[in-house]
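**Q** Residue-level listing of the chains:
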Amino acid sequence: MSNRSLKVWIWLHKWTSLVCTVFMLMLCLTGLPLIFHDEIESLLEEDQALPEMPAGTPLKSLDEALQTALDTYPGERGLFMSFDVDRPVVNVTTGPVARSTLEQMHITSIDLRTAEIVGAITDDGIMHFILDLHTDMFLGPWGEYFLGLMGFLMILAIVSGVVVYTPFMRRLDFGTLRVRGRRDSAALAGDVKTISPTGGTSVKRVARKTWLDLHNLLGIVTMMWLTVVTVTGIIQTISTPLVDLWRWQQLSELTQIYGGKETPDTFSSLHEVVETAKSASPGMRPQFVAFPGVRFSSDHHYAVWLRGATPATSQLLTPALIDAETGELTAMRTMPWYMTALRLSSPLHFGDYGGMPMKVLWAILDILAIVILVSGLYLWLGKMKTVRPETETKSSAHSAQFSGSRS
Amino acid sequence: MKHRRITAKTNWQIFAIPLLLAILTLVGLIAGLLDDGLFDVLSWAGLFFPVAAILWAFKYRRITSEKDGNLG
Numbered sequence: 001m002s003n004r005s006l007k008v009w010i011w012l013h014k015w016t017s018l019v020c021t022v023f024m025l026m027l028c029l030t031g032l033p034l035i036f037h038d039e040i041e042s043l044l045e046e047d048q049a050l051p052e053m054p055a056g057t058p059l060k061s062l063d064e065a066l067q068t069a070l071d072t073y074p075g076e077r078g079l080f081m082s083f084d085v086d087r088p089v090v091n092v093t094t095g096p097v098a099r100s101t102l103e104q105m106h107i108t109s110i111d112l113r114t115a116e117i118v119g120a121i122t123d124d125g126i127m128h129f130i131l132d133l134h135t136d137m138f139l140g141p142w143g144e145y146f147l148g149l150m151g152f153l154m155i156l157a158i159v160s161g162v163v164v165y166t167p168f169m170r171r172l173d174f175g176t177l178r179v180r181g182r183r184d185s186a187a188l189a190g191d192v193k194t195i196s197p198t199g200g201t202s203v204k205r206v207a208r209k210t211w212l213d214l215h216n217l218l219g220i221v222t223m224m225w226l227t228v229v230t231v232t233g234i235i236q237t238i239s240t241p242l243v244d245l246w247r248w249q250q251l252s253e254l255t256q257i258y259g260g261k262e263t264p265d266t267f268s269s270l271h272e273v274v275e276t277a278k279s280a281s282p283g284m285r286p287q288f289v290a291f292p293g294v295r296f297s298s299d300h301h302y303a304v305w306l307r308g309a310t311p312a313t314s315q316l317l318t319p320a321l322i323d324a325e326t327g328e329l330t331a332m333r334t335m336p337w338y339m340t341a342l343r344l345s346s347p348l349h350f351g352d353y354g355g356m357p358m359k360v361l362w363a364i365l366d367i368l369a370i371v372i373l374v375s376g377l378y379l380w381l382g383k384m385k386t387v388r389p390e391t392e393t394k395s396s397a398h399s400a401q402f403s404g405s406r407s
Numbered sequence: 408m409k410h411r412r413i414t415a416k417t418n419w420q421i422f423a424i425p426l427l428l429a430i431l432t433l434v435g436l437i438a439g440l441l442d443d444g445l446f447d448v449l450s451w452a453g454l455f456f457p458v459a460a461i462l463w464a465f466k467y468r469r470i471t472s473e474k475d476g477n478l479g
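Line order of the protein sequences matches chains A and B.
Residue 1 is where the first sequence starts when you use the numbering used here, and the numbers rise one by one after that.
Residue 408 is where the second sequence starts when you use the numbering used here, and the numbers rise one by one after that.
In isolation and in its complexed conformation, chain A is listed as follows (with noise of 0.2 Å):
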């Protein structure tokens, strides 16, 4: 590599970290709690604790159910309807019109085998602080385009940094930290005057070549978890647009096939339905059922969302749309390639479908990353110091450094 097109490379890994090392350290951060989410959460919550109850007690219709979260709120109607896995609870969405924000939307938690109330579903927890500032900073779909950004200069970063570690490596063993030994003193001050034509004592260089080579070793290893969680995290920040896409195209077909049928005003019997899904799609469990006419079905359907049973196919759902008004099935869909993209980006992003080795490890990732970040950021500033005087150093310091680099 020639030294011109090595200082272009290391000018853009200098200035695409440094633009987006802020938000990447809030990231890391508040990623760190959100591996586990789960865990922390369980033990916030209140006790949410289901009675005691005979084993096999009938569970009521999903119907009854719904009945009882639109008499808790009167006026709204059924949005979706999800379900808890490990336990008989339902969680029923309910809001004044289809399209309800999320501000006036209400999440009621309903005991399948009473049809009874086991609590409200409240998002000002702290876990949901952290995922909000997290996702968008507070800022909206804004935020999250803007996080993603970044996280395309981090991917910037990170081809540049394997680019710049090549040279550095020309000389030294794959793992090398240069560290202070015990005798230093006298062995270093003899070395001042050979290493350090720019005045930094030659303890502060070695420390600077301690951390140099620990940001290379980090870097350099983590490299592969590093791209997979930025490129998924940037796949979720267009998540809205994906999704919105994909509705777009799936209602652009059925509507085709329905003329623009209005939604209807009874819908058929929600237990049916789920009933009708499930024998479509033998091996597979609703994971949640979207109400006519709000944004993950039709207007004239209602969109049963089935998921498998490993890691990976849990995340691909296939919906089945059933007709409102008849209760038969009109369609499964499959999933488009770009959203079984975004789906499969979610766990390859927090870390969370490995159980508990795995949660630990991505924490050890997660701060290994922050030590990457933290140690880019003090060789820049210590960079600072040593060569602000005169901007002609700078280029002199960038070809010591990488003398002997040319291959």
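Keep in mind that the hints were calculated from the coordinates and are not lab data.
None of the values given here were measured: they were computed from a predicted structure.
A hint or two may mislead.
Claimed, not checked - If you only want the chain A side, here are some residues facing chain B, beta carbon under 8 Å, derived:
1) THR166
2) THR176
3) PRO347
4) PRO357
As the list claims (entries may be wrong) - Now the in silico label distances, taken between C-beta atoms and shown as ranges:
5) THR414(B) with PHE146(A): 44 to 52 Å
6) ASP84(A) with VAL448(B): 22 to 30 Å
7) LYS466(B) with ALA331(A): 58 to 66 Å
8) LEU139(A) with ASP442(B): 33 to 41 Å
9) LEU29(A) with LYS466(B): 45 to 53 Å
10) THR313(A) with VAL448(B): 16 to 24 Å
11) ILE117(A) with LYS466(B): 51 to 59 Å
12) ILE126(A) with THR417(B): 48 to 56 Å
13) MET384(A) with LEU426(B): 31 to 39 Å
14) ASP442(B) with MET332(A): 30 to 38 Å
Cβ coordinates follow ideal geometry from the N, Cα and C atoms, glycine included.
Once you have looked at the hints, place chain B on chain A.
**A** Relative to the frame of chain A, chain B by itself:
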């Protein structure tokens, strides 16, 4: 300056271990998605390799200043 004469490494030598770690990480990330049980164990192993590489470097690749005069 006393330079220990090390011949410049080729790109291949520089990136052999990082590439291996990257592949192991990727295998781990994908294995976890495929199924639970044994696949989870595979995913832990895959993600443990990069962490292990760092621990290994801290233990065996530390060069102190007096051990190696070559700091330049």
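**Q** Each hint: holds or not?
**A** Status of the hints after comparison with the structure:
no. : hint                                 : in the structure
1   : THR166                               : 6 Å, holds
2   : THR176                               : 5 Å, holds
3   : PRO347                               : 7 Å, holds
4   : PRO357                               : 5 Å, holds
5   : THR414(B) with PHE146(A): 44 to 52 Å : 47 Å, holds
6   : ASP84(A) with VAL448(B): 22 to 30 Å  : 27 Å, holds
7   : LYS466(B) with ALA331(A): 58 to 66 Å : 59 Å, holds
8   : LEU139(A) with ASP442(B): 33 to 41 Å : 38 Å, holds
9   : LEU29(A) with LYS466(B): 45 to 53 Å  : 28 Å, violated
10  : THR313(A) with VAL448(B): 16 to 24 Å : 19 Å, holds
11  : ILE117(A) with LYS466(B): 51 to 59 Å : 57 Å, holds
12  : ILE126(A) with THR417(B): 48 to 56 Å : 51 Å, holds
13  : MET384(A) with LEU426(B): 31 to 39 Å : 33 Å, holds
14  : ASP442(B) with MET332(A): 30 to 38 Å : 23 Å, violated
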